[in-house]
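A.B. asks: The primary structure of each chain is shown beneath.
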Amino acid sequence: MDKYRVLAGIILFGSLWGMLECMLGEVSPSWFPGGAFLGGFIGLGLMMLTRRLYGTMWMQLGMAIVAGALRFWAPVGTCVICSALAIMAEGLVFEFIFNRPVFNIHGSGPLNVRSAKTLALLGVISGFVIYTVGYMFTQIMTPVLTGGIFTWANFTHNLPVMVGAGFFAAVFGAISVPMAVLSMRPLHLSVKKRVYYRAAAGMSACCWLLVFGFFHLV
Amino acid sequence: MADARKLNLMLAVTAAVILIGSFGALAYTFMPQGDPDIVSINGVDYAWDDIFNDRETVTFTANDLTFEGVSLGELVLDSGVQNPESHMFRLTGIDGYQKDVAWNDIQGGYLTLEKHRAVFPSLTQSAWVRDLASIEVV
Numbered sequence: 050m051d052k053y054r055v056l057a058g059i060i061l062f063g064s065l066w067g068m069l070e071c072m073l074g075e076v077s078p079s080w081f082p083g084g085a086f087l088g089g090f091i092g093l094g095l096m097m098l099t100r101r102l103y104g105t106m107w108m109q110l111g112m113a114i115v116a117g118a119l120r121f122w123a124p125v126g127t128c129v130i131c132s133a134l135a136i137m138a139e140g141l142v143f144e145f146i147f148n149r150p151v152f153n154i155h156g157s158g159p160l161n162v163r164s165a166k167t168l169a170l171l172g173v174i175s176g177f178v179i180y181t182v183g184y185m186f187t188q189i190m191t192p193v194l195t196g197g198i199f200t201w202a203n204f205t206h207n208l209p210v211m212v213g214a215g216f217f218a219a220v221f222g223a224i225s226v227p228m229a230v231l232s233m234r235p236l237h238l239s240v241k242k243r244v245y246y247r248a249a250a251g252m253s254a255c256c257w258l259l260v261f262g263f264f265h266l267v
Numbered sequence: 003m004a005d006a007r008k009l010n011l012m013l014a015v016t017a018a019v020i021l022i023g024s025f026g027a028l029a030y031t032f033m034p035q036g037d038p039d040i041v042s043i044n045g046v047d048y049a050w051d052d053i054f055n056d057r058e059t060v061t062f063t064a065n066d067l068t069f070e071g072v073s074l075g076e077l078v079l080d081s082g083v084q085n086p087e088s089h090m091f092r093l094t095g096i097d098g099y100q101k102d103v104a105w106n107d108i109q110g111g112y113l114t115l116e117k118h119r120a121v122f123p124s125l126t127q128s129a130w131v132r133d134l135a136s137i138e139v140v
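If you read the sequences in order, they're chains W and X. Sequential numbering from 50 applies to the first sequence in my numbering. Sequential numbering from 3 applies to the second sequence in my numbering.
Just so you know, not all the hints are guaranteed correct.
Unchecked claim - Which bits of chain X does chain W cover? Going by a derived footprint, with three or more residues having C-beta under 8 Å, they are:
| id | region |
| --- | --- |
| 1 | 6-16 |
| 2 | 27-35 |
| 3 | 95-105 |
| 4 | 126-139 |
To be clear, the hints were calculated from the coordinates, so they are not data collected in a lab. Ideal Cβ positions, reconstructed from N, Cα and C, are used throughout, including at glycine.
Same shape as in the complex, but just chain W (with noise of 0.2 Å):
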C-alpha cells in the first residue's frame, strides 16, 4: 500500500482514538471502568481495524503515538502523561502480538483468523495483555519521568490491582475484535488520492480541534 495513505491512516485513526480517549475519559461514571474500555474496546478495536483495513505493520504503534500525543493536551482524570504512556504503551504491546504471522488477520497469512470465537479468544488475551502491559508501564515510567518515587516493592503489591483491572479489558476486548474484523474488508481504496486525503486531513483536524476547543477554550 502506498505509504502516504498509510500516513494518512496513522494520522486520521489515532486522533480519532485520541479524540475518544479524551471525551469518553471525561464523560465516563466513576463505577464504570472507563480504562479498561478505552483500552480494551476502543483502542484495541481501532487498531484491530486498521490493522485489518491496510494490512500495514507498526502502523498501530504510529497510531498509538499520535492519540497518546493527542491525549497530552487533554487534562483528564489528572494523570496525562499516565494516560498519554500507557496508550503509546498499548500499541507496542499490539504489535508485538499481532505481526506474528499466525495472527495475521489481514487475509494473506499461513493460517487464516477468522472464525468468531478464535476472534474472541484472541480478544480477551489481546485486551488483558495491552491494558494490563499498559497500566504497568505507566506505574514504572510515570515516576521515573516526573519526579516521583518507584520502588519494586509497590510495584509487586499492586499487581493484584493492575491484573484485576485487565479482567474488564479482557472482556471487551472479546468483543471488539471479533466485531472489528469480522465487519471490515482489507482495503482496497477506489476513491481518488485527492478526495481520500482531503477526508483524512480533514476529519483528523476536526479531532484536534474538538480536544483544544472542548479543554481549553470552552
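Once you have looked at the hints, place chain X on chain W.
C.D. replies: Using the frame of chain W, we list chain X on its own:
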C-alpha cells in the same frame, strides 16, 4: 485444519487462565483490607469523620483541579513520627494499592473526604491513593 484446532485450543486455555486469574485478582481487590471509616497513620487510628470535623479544611489545586482537604503533613506529625524527613511513607489503599512517598511530598499533601483520598499536588495521580487505609513509616 489440525493447526487451526491446535491454535484454538491454545487460545482457549490461555483465555481461560486470564479470565479466571484476573477475576480472582479483581475479587481480591474488592475484599477490604482495613476499616473503611478509619485511617491508620503510624499505628494511630483516625476516624475519617473526626479528621474533617476537628481540623481546618483548605481549598487547594492539583493538576488543574480544585479540592478541599486537610493537611497530611500535620496529621503525620500529630501521629508522633520522629524525624519525618529521614523516612519514607508507605500509603496503602483499602484495595491494596500501595505507594511510597517522600516527606517533602507528604508535607504538601492533603487528605480529601471525597473518595478518602491522599492527594499530592507535587505528584501525578498514580501516586495518589484513594480509599486510604494506612500510612506506615518505612
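A.B. asks: Next, verify each hint and record whether it holds.
C.D. replies: How the hints compare with the structure:
1. 6-16: Coverage by chain W holds for the region 6-16 of chain X (6 residues, Cβ < 8 Å).
2. 27-35: Per the Cβ count (5), the hint holds.
3. 95-105: holds (count 8)
4. 126-139: Coverage by chain W holds for the region 126-139 of chain X (5 residues, Cβ < 8 Å).
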